[in-house]
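Student: So the chains spell out like this:
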Amino acid sequence: MRHVTAQEVQINDQSQSAASQAGVAEHVHAITGLREQIRPAVVGLVLLTLLTGIAFPLVLAALAVPLFPHQSNGSLITREGQIIGSELIGQKFLNPPYFHSRPSAAGRAGYDATASGGTNLGPANPKLLDGAKGSIDGSTLPFIGVWQLAVGYRRANGLSPNVPVPIDAVTRSGSGLDPHISPANAALQVPRVARERHLREETLQRLVDEYTQGRQLGFLGQPRVNVLALNLALDRLTPAMPPSHGNRF
Amino acid sequence: MRWVEYVAFLAILVALAHPVGTYLARVFEKQPTFLDWLLCPIESVLYRALGVDRNKEMTPLVYLASFVAFGALGAVFLFVLLALQPFLPAGPDSSHLTTPMSGDLAENIAVSFSTTTTWQSYGGESTLRYLVQAVGLTSQNFLGGAAGLAVGIAAIRGFARTRCSTLGNFWVDLIRGLLWVLLPVALVGSLVFVWQGVPLNISPYAVVHTLEEDPQTIAQGPVAVLELIKNLGTNGGGFFNANGAHPYANPTPLTNFLGLLAIAVVPAALPITFGRMVGRPRAGVVLLAVMVALFVIGLVVCDSFEAADPPRLAGLGLAGGNMEGKEVRFGVGSSVLAAVVTSNGATGSYNSMHDSYQPLSVLVLTLNMLLGDVAFGGLGSGLYSLIMMALVGIFIAGLMVGRTPEYLGKTITVAEAKLVALHVLLTPLVVLPLTAWAAVSPAGRAGLVTNDGSRGFTEIVFAFASCMANNGQNMAGLDANSVFYNVTTAVAMVVGRFGPAALALLLAGRLAAQGRKPTTIGSLPCDTVTFGALVFGAVLLQGALCFLPALALGPIAEYLQP
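Chains A and B are the protein sequences, given in the same order. So that you can map any letter, position 145 of the first sequence is 145 in the working numbering, and since no number is skipped, the others follow by simple counting. So the working numbering is basically just the index in the second sequence, starting at one, shifted up by 1000.
Bear in mind the hints are in silico, worked out from the structure with no lab data behind them. One should not assume that every hint holds.
Computed, partial: chain A to chain B, Cβ under 10 Å [what the hints assert, rightly or not]:
| no. | residue |
| --- | --- |
| 1 | P40 |
| 2 | S116 |
| 3 | D178 |
| 4 | A187 |
| 5 | Y211 |
All residues carry an ideal CB built from backbone N, CA and C; glycine is no exception.
Kindly generate the complete structure, drawing on both the sequences and the hints.
Tutor: Okay, structure coming up:
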């Protein structure tokens, strides 16, 4: 930094001499001393850090936490006295009687909400399509490619090969914690869930429609279904499913 | 519907440019505003404590030295805070902090956040304590942003003033930018963010039992403190690893839209401030039009590649565009808008994983940063970088018609042209050698843990372009938390922050010292469509000349590969 400054002194000297040749009067109050700036730099950093790094968060918290206590605390949901998740954070669903979330790259097993992230695989990376034996972060779990995910999704939901699969069902989100699926993805899962829960498909599709959020303000983002909210509603409709650690497909 | 959101974004941005630009001019020309009753007393107290005489102005050198010293002290403060992290109280529990705070990582974070780059070679939820994020990173988001804005205003004064040796007082500009612009907007915006679901707590990470009775640990924290100012200050470093893709950081399409507006609103208003302060409003409008044109081209290209079904997944019977690395609530539209705004806006707060974008979409994002983030751009830096490009165009036009080039009555002599040329050369001089070094050295190639070949090369170009432009977004497949990348990216960040600012201030000093030549029939009119086209052409021309070879090895090669 010293070096840069020294160069600039030279350039600046030239500019000042050029200016004085042009007959420029020095500004009456001009500050030319560098040493005078040490105090404002040091005191300024301390005071402005206190203002923006301590006073600002405290004022914000004093306003926001009483106004929005639920959101401040992470939009956590309780059922029968137990915290079962957050409205905003996706969960892994593998059992057939539940609607399934998207595949996830957060953490080794997916939906690890202490390790958000995507696959970061380029579109031409063969792993994206074909998968790999070890996962991309070197652990022993296999990485399932989009090709295999599409086959699995069709098999799980009894789809013929010519039914297009909504791409969100077979790709991993950026956060790995995506709480939503597309309405098209939910609709394709309706027959499976209806069969597992002994519900009529029309009843279930109505529930999906009820839990479909439209574009915000009519034009922002995409229509979407919150999977956890939908599955909670499903459990209210029919008795909660006993956990069976079955395969995703 | 994507296009409705794109058009709405641009319409709101352009509609806000005039009132915001006028307000900024009033703030920095110390004219009365509606917030004076509240802020003037705080302002006076701060000046007294700092020992600043608000009526004294600085020569360009002193202004620059104050800017550099303030940034350097900020970096030292952050480094010390990071070194003390193990001793800080409050969460999260140490067991969650799995990334060790090495010396080189602390150095990289300190440089990164004090230069508004906020490049992150770490994941927030696995590396940092709440106090570091809330106090250290948040304060530098404010202070770095306000310091950049101050330099932008000082650069404008170079064109606005005649026969004057000073460019304003850095401390006055810094404090007025903080009090009148950043703090009030951040307070209101952050409240909206909490309302929409961004958490604000210091609780331990929540352990929940999911519907399928698996335990899930959910990272918490004072997220809302950081998430709005990271955009408004054109910083972009997020609370969590996934940054704006994380549903806590960016829970709804509305927070996404407002966050993107926060990035661009002040930079898009600064050309209007410029026009007003130099007394030529139409000259400012032309610069804003150039920004919009550059923005729209990138948006159209990026949208067309991301909205199409991925060619390499054809045959699987998929529908819905490229959703790898994108969130359902944003879809292709809000993701592409964020990618183009953040890559142009010197802000790294991406909401989708750019490493999974199609090759020519990545080309757009990389080029936006290599061109110096001039379409809106960083706080302050976007405007003076575009003016530098305008001067290149004027210089070329002057050579073609054989006249002394001038802009707004200021003559561009050899000395000014040298500063402009140095500004143009700075990015290629830093980005290209560092990229080459990383691509041939084992330490550099060791970062390519996810992708290789041309995509891997693109990741490296992207990293250095991002750091040089003080942007901070990354193609996260590159593992940059190594001594090699923590040091080399920091070099790019420092040069990218202080190099262009120094050149802009020195140029402004020379121009302020000049008189103003009267407009004659021979002057190049600077408020016409032709002039806009000239500036637009100069931006793209220098981009193509400097960076085509590097881009050909990266995204273009990937696009063409069978």
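Student: Using 10 Å as the Cβ threshold, decide whether S116 of chain A counts as touching chain B.
Tutor: This hint holds: S116 of chain A lies near chain B, its Cβ roughly 4 Å from the closest one there, short of 10 Å.
Student: Mind checking the CB of Y211 of chain A against every CB in chain B and telling me if the closest is under 10 Å?
Tutor: violated (13 Å)
Student: Close enough to count: is the Cβ of D178 of chain A nearer than 10 Å to one in chain B?
Tutor: holds (5 Å)
Student: The hint names A187 of chain A as touching chain B; please verify it with the least Cβ-Cβ distance against 10 Å.
Tutor: A187 of chain A check fails; min Cβ-Cβ to chain B is 13 Å, beyond 10 Å.
Student: Quick check on the hint: P40 of chain A CB to chain B CB, less than 10 Å?
Tutor: holds (4 Å)
The earlier numbered hints that this structure contradicts are 4, 5.
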